[in-house]
Structure formats: C-alpha cells, structure tokens
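Each protein sequence line maps, in turn, to chains P and C.
If you use the numbering used here, the first sequence closes out at 319, no skipped numbers anywhere.
If you use the numbering used here, the second sequence closes out at 324, no skipped numbers anywhere.
Because the hints were derived from the structure by calculation, they are not lab data.
One or more hints might be untrue.
Derived PhoX-like pairs (lysine-lysine); straight-line CA-CA distance at most 25 Å [to be verified]: (1) Lys101(C) - Lys134(P); (2) Lys203(C) - Lys109(C); (3) Lys253(C) - Lys303(P); (4) Lys109(C) - Lys89(P); (5) Lys101(C) - Lys107(P); (6) Lys109(C) - Lys79(P); (7) Lys109(C) - Lys133(P); (8) Lys79(P) - Lys303(P).
Keep in mind that this is a model prediction, so the values were computed, not measured.
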Amino acid sequence: MAKEKDTLLTLYETMYKIRRFEEKASELFADSLIPGFVHLYIGQEAVATGVCSNLSDKDFIASTHRGHGHVIAKGADVKLMMAELFGKKDGYCKGRGGSMHVADVEKGILGANGIVGAGQPLATGAALACKKKKTGGVAICFFGDGASNRGTFHESINLAALWKLPAIYVIENNYFGEFCPIEESCSVQKLSVRAAAYGIPGVTVDGNDVMAVREAAAKLIERARKGEGPSILECLTWRHRGHFEGDPADYKPSEQQEEWLAKDPIPRFRSHLIDKEKIASETVLEIEERVNAMIEAAVEFAKNSPDPDQSGLLEAVYA
Amino acid sequence: MEERSIWFSQAINEALQQEMRRDPNVYMAGEDIGPGGAFGVTNGLIDEFGPERIMGTPISETVILGHAVGAALAGMRPVVEILFSDFLFVCGDELINQAAKMHFMFGGKAKVPIVVRCPSGAGVRAAAQHSQSPEAMLINFPGFKIAYPSTPRDAKGLLITAIRDDNPVIFFEHKMLYWMMGDVPEGDFTVEFGKADIRREGKDVTLISWGQMVNTCAEAAEALSADGIEAEIVDPRTLVPFDKEAVLASVKKTGKVVIVHEAPKTGGFGGEIAAMIAEEGFDYLDAPVVRVGAPYMPVPFSPVLEDAYIPSSDTIISAVKKLF
Numbered sequence: 001m002a003k004e005k006d007t008l009l010t011l012y013e014t015m016y017k018i019r020r021f022e023e024k025a026s027e028l029f030a031d032s033l034i035p036g037f038v039h040l041y042i043g044q045e046a047v048a049t050g051v052c053s054n055l056s057d058k059d060f061i062a063s064t065h066r067g068h069g070h071v072i073a074k075g076a077d078v079k080l081m082m083a084e085l086f087g088k089k090d091g092y093c094k095g096r097g098g099s100m101h102v103a104d105v106e107k108g109i110l111g112a113n114g115i116v117g118a119g120q121p122l123a124t125g126a127a128l129a130c131k132k133k134k135t136g137g138v139a140i141c142f143f144g145d146g147a148s149n150r151g152t153f154h155e156s157i158n159l160a161a162l163w164k165l166p167a168i169y170v171i172e173n174n175y176f177g178e179f180c181p182i183e184e185s186c187s188v189q190k191l192s193v194r195a196a197a198y199g200i201p202g203v204t205v206d207g208n209d210v211m212a213v214r215e216a217a218a219k220l221i222e223r224a225r226k227g228e229g230p231s232i233l234e235c236l237t238w239r240h241r242g243h244f245e246g247d248p249a250d251y252k253p254s255e256q257q258e259e260w261l262a263k264d265p266i267p268r269f270r271s272h273l274i275d276k277e278k279i280a281s282e283t284v285l286e287i288e289e290r291v292n293a294m295i296e297a298a299v300e301f302a303k304n305s306p307d308p309d310q311s312g313l314l315e316a317v318y319a
Numbered sequence: 001m002e003e004r005s006i007w008f009s010q011a012i013n014e015a016l017q018q019e020m021r022r023d024p025n026v027y028m029a030g031e032d033i034g035p036g037g038a039f040g041v042t043n044g045l046i047d048e049f050g051p052e053r054i055m056g057t058p059i060s061e062t063v064i065l066g067h068a069v070g071a072a073l074a075g076m077r078p079v080v081e082i083l084f085s086d087f088l089f090v091c092g093d094e095l096i097n098q099a100a101k102m103h104f105m106f107g108g109k110a111k112v113p114i115v116v117r118c119p120s121g122a123g124v125r126a127a128a129q130h131s132q133s134p135e136a137m138l139i140n141f142p143g144f145k146i147a148y149p150s151t152p153r154d155a156k157g158l159l160i161t162a163i164r165d166d167n168p169v170i171f172f173e174h175k176m177l178y179w180m181m182g183d184v185p186e187g188d189f190t191v192e193f194g195k196a197d198i199r200r201e202g203k204d205v206t207l208i209s210w211g212q213m214v215n216t217c218a219e220a221a222e223a224l225s226a227d228g229i230e231a232e233i234v235d236p237r238t239l240v241p242f243d244k245e246a247v248l249a250s251v252k253k254t255g256k257v258v259i260v261h262e263a264p265k266t267g268g269f270g271g272e273i274a275a276m277i278a279e280e281g282f283d284y285l286d287a288p289v290v291r292v293g294a295p296y297m298p299v300p301f302s303p304v305l306e307d308a309y310i311p312s313s314d315t316i317i318s319a320v321k322k323l324f
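Excised from the complex, chain P in its bound form (with noise of 0.2 Å):
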C-alpha cells in the first residue's frame, strides 16, 4: 500500500512541477526575460504525466512544440530547462535551441519540435532501434489533434504497425490545431478510430483523469513491449492558455473554457489523493512547497547562468 501511496504522490508531484514551471515560465515571458515563443501546456498535465510514469530511461518519448510537460514528466532537470528558455548558456542546449528545441537524449528525449507532426517518424525511427537492439524498450510520441492530420502521422504508423515496432501515438485531443476548432480540420471527431486503418488499437480516454491515462497507457505500452506492436491513445483534454503565450484566444468558447477549467486534472486528483485516499493535505502541502522551492531554485539558475559567448556562436553546427 505504502508503494501506491508513493506512486500517487509522485504523479502530483509531477503534474505540479509541470503547472508550475510553467506559471513560471509564463510570468518571465511577460517580463521579457524570456524571449521568442512559449507554448504553455497548462491544462494537459495528466497526459504526459500519466503516460511517462510507466517509463523508464530506456525509453524513448518525442515531444512537441508545447513539450514542457512531457520533458518534465520524462525526468527533466526544470534548472537546465528554465536556462535553456532563457536562452542561457548553461541551458540542455547551450541556448541553441530554447522553449521548442529542450532535448535530452540520454534520459530518452528526442526533444521539443519546432515542427507539428515531425515527432513521428523520429519516434517511429527510435521505437525500430529499440526493437533492433532488443532493449525492451519503447517509443512514445506526443502530439496534438491538429498533427494527426500531418502526413508524417499515416506514414510513421503506417511502417510501425506493418514492422510491429514498440511505439504509442498519443494524441492529446485539446480541441484546437493552433486557432482551429477540430470540427473544422478534422474528418472524425474520435480520433482514436483512425487507428483502425491501420488494424491495431485505439483507445480513447479522460486525459484529465492521471489515473486514467497512467492504465490505459501502462496496457498499451505492456503489449508494444512483449512485441505486440504500436497503438493510438487518445486523450481528451483542454489547453487552459493561448496557442502561444500572448494569444487571447478569443476563438474559445467561454462555456466550454469554464467547463473545462472546472475540470482542471491538478485540483481533481488533489482532492481525490485528500478525499478519496485519505492523504493527509499536510502531505500534499509538503510537496507543492518543496515543488515551489525548486521552481524559484531554478529561475535562480537561468537568472545567473551566463549567456552564451559570442565568440563561440559557430559551435556545435557539426559533431
């Protein structure tokens, strides 16, 4: 029992870490000490968490441009994140690549994508290797509504369904592609049902609900690595911001935003964890304290870190 109680603090833990940062990381953008582009991914902790809490290091995920979370999820350090989004030069990426480029291929994170769709095939690519290598592990690519209508999402499960390869196509159904409502670009509204073109399983679920997602992820992830092939899970949920940070959004409507907001995954499984199974809110206090901490900790960081030298603007362009 104590061993679930841990695995459920440590999901809150998580989707707090990832609310956080990027409450943070919204705050600086508005104070200019972040530039360029955000993409917040407020609203869809449950998915990335749910997800990346049966991974481990030898699995693979790739990412999007709104890839805070599923980084954070997969085992970031939020102290090179914040850094990088400052574009400082103890970033992951030396302030090379920022908000859409944070990588870490060591811990199994084929980064953020500056491009919709373009995690696929790299997923696809890295779920082959897995099997070629017979690690045991899997490939997990995260994408929108909006990016399972690229043509990288036929072509990449198209080849892994025909080579079996381990990889889960999560699609993270919030609705909108960028500005565009899903009844206007997409052909089916489920869209768990395209996996049937390509005759292996879709699955559909609450992506506002961590428990949900974490077992509906942990069966399809347990087939894909006894060798079972990839599949499509679809998760339900709502980007609570813009399309980017400073879009009013104005073309959502209100009556579905509060809906949603009313459903908000982080104060629903804090009160489940309170409520249902009975965890004293002092616990929960200590861990979004310590969580809080290591937030500030990291703005800290990036604030200190220097930039990057311009006398080394040319690094790194080849290996």
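Please build the complex by placing chain C on the supplied structure of chain P, with the hints as guidance.
Frame of chain P; chain C shown alone:
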C-alpha cells in the same frame, strides 16, 4: 591493397557490405532495396544480411528519412536510400528541419549519423521529376555533409567515410556513373571528406567539377590538350566540406577558371565557388571566372532535348577557348 576493376554500383554495394559486416548498428532502409533497388545497387545484400538489416519500406519518403533520424538519435547508423534525389523534397522537413539541425539545436549533445544515398542527375531520359541535381540548395542548409563521387574508387571510399561520420551525410550517386568501370581497392578503404582530387594536372586553365560532369570535363581536357591547352581538373569530391585550398592553389597556378556543373547555372553552386575565388583569389586571376551549367529550365524528356540541356564537352571546350 589489391585493386580490381569494378562498376561504380558494385563499389557502392561493396562499401555497404563491408560496413554492415563491421558495425551491427548499420542497416539500410528504402524502397525495393531487397531486390536491389531501381539501379541494382543493393543486389545480393539481402542474402547476406536478411530483411532485418536490408529493410524494404513502403513508398513513404517522409518516414524513411524521419525514422532514420529517430533511430540514429537512439544509437543506430541508418543508411537510407531515396530512390531519386528529386524525392528529397518529399521528405524536406525531415531532412532540413530535423536531421541537419538537431546536433546544433540540442547544444551539441545529440548525434544524427545517417547517410542518405540518392541517385541523381540527368541523362537517363527520366524527365523533369527524376533527373535533377539539387545539391546547391542543400548546401545552403548548414548541418549536412555532402559527398558526390565521380569514380568507382571514390564512391567506395567516400561512402565508407560517410557511414562512419557522426553527421547526416547526403551521398549523391549520378545515375550515368552506375555503369562506369574503374579500379577500386578490395578491402577497407576510405577517402577523406574535404579533400579534392586533382583528376588531371594542367598549367593553363582550372576546370572545377563534380559527379558525372568531371568525366565530361576529362573528355574536354583531352580535346583541349590536342589544341595545346592543358587543363587541370579539380574534383572536390565533397561539396560540404569544400576543399577551398585546393581550388585556390590550382587557380594560382593557372590564372583561369571554368566551373562546370549539371544543375542550372543560375543559383548553382558554381556561383558560390566563383564568388569565393573573387573574394580570396582575385589576384591570381588573369581572366573572368566562367561558369558552365544547364539552362534555367526543368530537365526535358526527349533525348534530343535532354542532350541539348546537359552541358557537353563541346560547351566546356568553347567556354575554355574564349579565355585564350
């Protein structure tokens, strides 16, 4: 090392075979490569390595290229075949936005050791979508290395170097060269990237070219020699990295340059080489730098028209003679 005369396509096959024997992480993926591919280059490899390592794919250039990037990040060394270099545009994102940039974007912490083999160039009556020479535009995207052999020997040596390189390498194979015979060392043999080959020595004019056009330049040089003009032929062998020093040294010696490539002259890599010579070797020149390339148009189908499109030894000869 023992050498014997083999075809250009056999030289590539041998490089693939030897590298796959040496390194279990090397595998091939591409359309119809099991039965040998459109030009028979991979003939027989499936018999030795099986479908696990000679992986036939669907007609899906995007995922052929894109999966290779993911597999390379995860520790493999894929060699993918894109059936015609014209199809590189089908997987443009995977090539240009992913493969070429990842090492840099990730702060030097990730490697993408893939080789993209692609039959290229005109001459086989394949018309506008199967005959292009797209090297110049790819050179403008930093992150690739680009090899373009002109002999069976270089094909083998450059391909082995490409497979061992930790960067994405685009390996152009001119279709008209597949049936060229030449002496090739039997065993493990590499040709260094960024090191030009002086294909012919001469004191009067420098011809700079790569791929099949090197052979057209060689024909032109023989005819020019009969007229008392000794041309030096510089074949850079890799366009990225580019052996600037060898070019400048030759220009210093001859004072006259003609750059020859099969791609349209406008926007071709010849313009970049000419500009480099103007910036760094102006004092060596005793005549304007001349470029020979195809006209600014798609590759035509009819043999009569295609022959008029591709730069010929006669075109090169007349371009050279104008300098004297």
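Quiz item: Has the given pair, Lys109(C) with Lys79(P), been kept, meaning a C-alpha gap of at most 25 Å?
Solution: Judged against 25 Å, a Cα distance of about 17 Å means the pair holds.
Quiz item: Holds or violated: Lys109(C) with Lys89(P), Cα cutoff 25 Å?
Solution: 14 Å, holds
Quiz prompt | Holds or violated: Lys203(C) to Lys109(C), with C-alpha atoms at most 25 Å apart | solution = 47 Å, violated
Quiz item: Does the alpha-carbon distance linking Lys101(C) and Lys107(P) stay inside the 25 Å limit?
Solution: Distance of about 20 Å is within 25 Å: holds.
Quiz item: When you check the alpha-carbon spacing of Lys109(C) and Lys133(P), does it fall within 25 Å?
Solution: Since the Cα atoms of Lys109(C) and Lys133(P) sit roughly 21 Å apart, the hinted pair holds (cutoff 25 Å).
Exercise. Sort out whether Lys303(P) lies within 25 Å of Lys253(C), counting only the CA atoms.
Key: 56 Å, violated
Quiz prompt | Pair hint Lys79(P) and Lys303(P), alpha-carbon separation not exceeding 25 Å | solution = 10 Å, holds
Exercise. Assess, step by step, whether the Cα of Lys101(C) is no farther than 25 Å from the Cα of Lys134(P), and give holds or violated.
Key: 28 Å, violated
Violated hints, in rising order: 1, 2, 3; the structure is consistent with all others.
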